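All chains, please: the whole structure from these sequences, using the hints.
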Amino acid sequence: MNDKDHKEFEQKTRELFAREVAGLDGATRSRLNQARQRALAELDRPAWSLPRLPVPQAAVAAVAVAVVSGLLLMRGGVSPVEPAPEFATASDIEILLAEDDMEFLEELEFYAWLEEQPEFADLEDPLEGAG
Amino acid sequence: MISSVLTADQMDAPVADGSLSVQQQLEIFLREVEGRAYRMTVMRIGDADEALDIVQDAMIRLARHYSNRSSDEWPPLFYRILQNRTRDYFRRQAVKRRVIGFFSRDEDAHEDQLANAPGPASDDPLNELERGSAMEALQSALGKLPARQCEAFTLRNFEGLDVKETAAAMGCSDGSVKTHYSRAVARLREILGDDWS
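Residue numbers (our numbering), protein chains in the order written: chain A, 1 to 131; chain B, 132 to 328.
The calculated label-pair distances, taken between Cβ atoms and stated as ranges, are:
hint, chain 1, residue 1, chain 2, residue 2, range
1, B, K309, A, S30, 36 to 44 angstroms
2, A, E10, B, S264, 17 to 25 angstroms
3, B, R314, A, Q37, 35 to 43 angstroms
Quick partial rundown of chain A residues pointing at chain B, CB under 7 angstroms, derived from the structure:
hint, residue
4, F9
5, F17
6, E20
Bear in mind the hints are in silico, worked out from the structure with no lab data behind them.
This one's a predicted model, so the numbers in the text were calculated from it and none came from an experiment.
By construction, the Cβ of each residue, glycine as well, lies at the ideal position given by its N, Cα and C atoms.
In structure tokens form, the structure reads like this:
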């Protein structure tokens, strides 16, 4: 593969990408415009103002910590021979706390309950593959 | 308050003449990059709504923390923030999969997705080529690259950042950018084949 072939390839990909960008629909452009205006509004905020946090941030944090802690305790008591859960690291909890998707965190409580039901012990996760 | 809506003359005025406010300069910059940033992010993660959120987040963070920097620094700063937000997205997805996999006891769900940086759902690139969609084939091929190679390629080739700016955006050395980029080009050409058009 020589440099000339590489340059032709690069040029072609640039042209394709430029066409994609030029072809963005009106709805997308409108949402991008709204995003831009929200960003520009940041310039009008006083420097001393507190960072804006989602209203339920404390609730999200409490739910995340409670559920993850509960999972650790439950997991340890149900099956001592199984390997310790891999996900409950400090960084994982930070990531979960940064997650403002309350619906996802509420689902954790459901799956914690599901785990306790013996009749569901062998069923596959209903959300498998939905991600 | 300075209006954020620019007149046509103001939009056409060169930034370098110093006649525009920071807000006006920032609006020009964001208006210029938003479409490309959005499209690049969609190509990385395959989710249009999430991509919009990521781009908005990057815009807000740039405005909040770096609007006082020289406008020459905005491109690498903006794309550095965008790359970080994109990686955060992949990390959240990986954590979600691990948590869900915890309940299903599926060992495959514990696989670390971040290292593989899952791209958009893709068919076999050759099938997409047969459908005559060169862009879809390219997007599929980009999704198969390691994250750093994909970043280097999209920043250099689509956004037009030079090596130094790309290095600043990626948080690596100039040499690493060149390596990632050359490997990305070679791999993409290998995946897409000589008949890609």
